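S.K.: For the protein sequence lines, the chains are A and B, in the order given.
With our numbering as the guide, the letters of the first sequence map in order to residues 1 to 129.
With our numbering as the guide, the letters of the second sequence map in order to residues 1 to 129.
If you're looking for bench data, these hints aren't it; they were derived computationally from the structure.
Note that this is a predicted model, so its numbers are computed, not measured.
Do not take every clue at face value.
Claimed, not checked - Chain B regions said to be covered by chain A (calculated; three or more residues, Cβ under 8 Å): (1) 28 to 38; (2) 84 to 95.
As the list claims (entries may be wrong) - Beyond 10 Å from chain B on every Cβ pair, some chain A residues (computed): (3) 5; (4) 6; (5) 27; (6) 55; (7) 58; (8) 68; (9) 76; (10) 98; (11) 124.
Beta carbons are placed, not taken as given, at the ideal position from N, Cα and C, and that holds for glycine.
In case you want the letters, here they are:
Number of protein chains: 2
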Amino acid sequence: MSLIPDSHLDLLTRPLCGHLATRRDDGSLQVTPMWFSYDGTDLSFTTTSTRRKYRNLEQDPHLSVSINDPDQPYRYLEVRGVVAGIDPDPTGAFFDTLARRYGLPYDPPVADAADRVVIRMRPTAISKQ
Amino acid sequence: MSLIPDSHLDLLTRPLCGHLATRRDDGSLQVTPMWFSYDGTDLSFTTTSTRRKYRNLEQDPHLSVSINDPDQPYRYLEVRGVVAGIDPDPTGAFFDTLARRYGLPYDPPVADAADRVVIRMRPTAISKQ
Numbered sequence: 001m002s003l004i005p006d007s008h009l010d011l012l013t014r015p016l017c018g019h020l021a022t023r024r025d026d027g028s029l030q031v032t033p034m035w036f037s038y039d040g041t042d043l044s045f046t047t048t049s050t051r052r053k054y055r056n057l058e059q060d061p062h063l064s065v066s067i068n069d070p071d072q073p074y075r076y077l078e079v080r081g082v083v084a085g086i087d088p089d090p091t092g093a094f095f096d097t098l099a100r101r102y103g104l105p106y107d108p109p110v111a112d113a114a115d116r117v118v119i120r121m122r123p124t125a126i127s128k129q
Numbered sequence: 001m002s003l004i005p006d007s008h009l010d011l012l013t014r015p016l017c018g019h020l021a022t023r024r025d026d027g028s029l030q031v032t033p034m035w036f037s038y039d040g041t042d043l044s045f046t047t048t049s050t051r052r053k054y055r056n057l058e059q060d061p062h063l064s065v066s067i068n069d070p071d072q073p074y075r076y077l078e079v080r081g082v083v084a085g086i087d088p089d090p091t092g093a094f095f096d097t098l099a100r101r102y103g104l105p106y107d108p109p110v111a112d113a114a115d116r117v118v119i120r121m122r123p124t125a126i127s128k129q
């Protein structure tokens, strides 16, 4: 059974910005806006193997994402979880999937396709309002 | 000199939602939408001494906040930092300041005023787009 409550599922299926937290190797925390998708089990994010977020998750697999409803500012969903896998995306296919989901016009493939990876996040807990 | 670039200062002075990351004692990360204010040096948040966020910060003083621009979805400011202090707010005065900043109607004092605290965050680094 999914941890995601039906009442807040729309916050994962609408193309909203998620704020993704990871931990840096010096113990400081990082949180930045990210595209994502949800397949009913995992949330997936695109990044590159040259970026800090990737290195952070190699060292500490915990991550958490907060999404608020732009139409109801006090309504939100937080999903906490761990990395379920990091998969290469050398053609940028998953970047392309997200770019279409979020309506970003660009000329595929994305310039840094060779370094692209898909971060899959397995939810372990949620909070909501 | 402030770490906050003039180009993104508006994201701290407009009444926008910040997504605040803290670390739980089991090593998982927490990130939730929060009101905040900025005084030119520190960011301040209201919570209560009974909440998880307060306990998290007592154990690990690292925190980070991400604010994106609702008018320009790829424009954002991330501020990373540490707790500079946690001060009691037993009359709810700082909650009241934030409620007015964010335009929330309510009958002061806030019901949990006795437990209210102000978390002051000292910025140590930023990222932006």
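S.K.: A separate judgement is required for each hint: does it hold in the structure or not?
M.R.: Hint-by-hint comparison with the structure:
1. 28 to 38: Holds: 6 residues of the region 28 to 38 of chain B have a Cβ under 8 Å from chain A.
2. 84 to 95: violated (count 0)
3. 5: For residue 5 of chain A, whose nearest Cβ neighbour in chain B is about 16 Å away, the distance exceeds 10 Å, so it holds.
4. 6: Its Cβ never comes within 10 Å of chain B, the nearest being 20 Å, so this holds.
5. 27: The claim is violated: residue 27 of chain A sits with its nearest Cβ about 6 Å from chain B, within 10 Å.
6. 55: Holds, since 14 Å exceeds 10 Å.
7. 58: 15 Å, holds
8. 68: With a cut-off of 10 Å, residue 68 of chain A comes too close to chain B, as the shortest Cβ separation is near 5 Å.
9. 76: Non-interface label on residue 76 of chain A violated, nearest chain B Cβ at 5 Å vs cutoff 10 Å.
10. 98: At about 13 Å from chain B, residue 98 of chain A clears the 10 Å cut-off, so the statement holds.
11. 124: The assertion about residue 124 of chain A is violated, with a minimum of 7 Å to chain B.
Violated hints, listed in ascending order, are 2, 5, 8, 9, 11; each of the other numbered hints is respected by the structure.
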